[in-house]
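Participant: First residue of the sequence shown: 17, per the numbering used here; consecutive thereafter.
Treat the hints with care, as some may be off.
Okay, derived cross-link-like pairs now, BS3-like style, lysine-lysine, Cα gap no bigger than 30 Å in a straight line [stated by the list, open to error]:
#1 K74 - K53
#2 K222 - K126
#3 K25 - K80
These aren't lab readings, by the way, just hints derived from the structure by calculation.
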Amino acid sequence: MSNEIIVEKLIHKGAEASLYYGSWFGKEAIFKKRIPKGYRIEQIDKILRYNRTLNEAKALIRVKNYGVLVPPVYEIDIENSTIVMKYIKGEKLKDILNSLTTTKKVQYLKEIGKIIAYLHKNGHIHGDITTSNIILTPTQELFIIDFGLHDYSDSIEDKSTDLHLFKRVLISSHGSDYTICFDAFLEGYREGYGIEKINECRDILKNISIIETRGRYVKKEDRL
Numbered sequence: 017m018s019n020e021i022i023v024e025k026l027i028h029k030g031a032e033a034s035l036y037y038g039s040w041f042g043k044e045a046i047f048k049k050r051i052p053k054g055y056r057i058e059q060i061d062k063i064l065r066y067n068r069t070l071n072e073a074k075a076l077i078r079v080k081n082y083g084v085l086v087p088p089v090y091e092i093d094i095e096n097s098t099i100v101m102k103y104i105k106g107e108k109l110k111d112i113l114n115s116l117t118t119t120k121k122v123q124y125l126k127e128i129g130k131i132i133a134y135l136h137k138n139g140h141i142h143g144d145i146t147t148s149n150i151i152l153t154p155t156q157e158l159f160i161i162d163f164g165l166h167d168y169s170d171s172i173e174d175k176s177t178d179l180h181l182f183k184r185v186l187i188s189s190h191g192s193d194y195t196i197c198f199d200a201f202l203e204g205y206r207e208g209y210g211i212e213k214i215n216e217c218r219d220i221l222k223n224i225s226i227i228e229t230r231g232r233y234v235k236k237e238d239r240l
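Work the whole structure out from these sequences, hints included.
Facilitator: Below, the structure is given as structure tokens:
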């Protein structure tokens, strides 16, 4: 790294990637580096990290062009499986949601619903919608982060699965606020999808219940 690119400290170590805080030509930055996996054949591991890094970077660039708030990409270092992006100042929604007023909860969750609907309408599946992957800035802007599991799909099933994951996160991490938050999220999602695609939106939401039924069946079989 040159003097213009400085990696200062590790701030998060995940299963697939590590996040480092630093600076990129005088700008605060996050360096997301995918970690080599010793249990994989080296050449296959390198190809996987290359493809996943490129896929995530392209997704961030594309959805930003739609007007969705995501960290701007500064640089893609394919050789080192690293994405350099803007450091977004703010708090994870997970850490503050329970302390917000009801009005703010409804406001933010409705806006998140609109954002996810916009992604889905344009064929983007986030893959990991959680309150940990949403940042609220001091100016009350909502940024969606971590597109590491992003995929492209127009499938009803894939979109429903995205929403089902978020519902489970709200139940497990924000149980007392689950109903008001998920209702507001769905209201925003319907609004974001719009009248022109109302039937598709209805099918997506209906399929959430089907996924849940499928999950309960699997759990019941596991107990036998």
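Participant: All hints, please: hold or fail.
Facilitator: Taking the hints in turn, this is what the structure says about them:
Between the alpha carbons of K74 and K53 the distance comes to roughly 23 Å, so the proposed pair stays at or under 30 Å and holds. About 19 Å separates the Cα atoms of K222 and K126, which keeps this hinted pair within 30 Å; it holds. Using a Cα cut-off of 30 Å, the hinted pair K25 and K80 holds, with the two alpha carbons roughly 27 Å apart.
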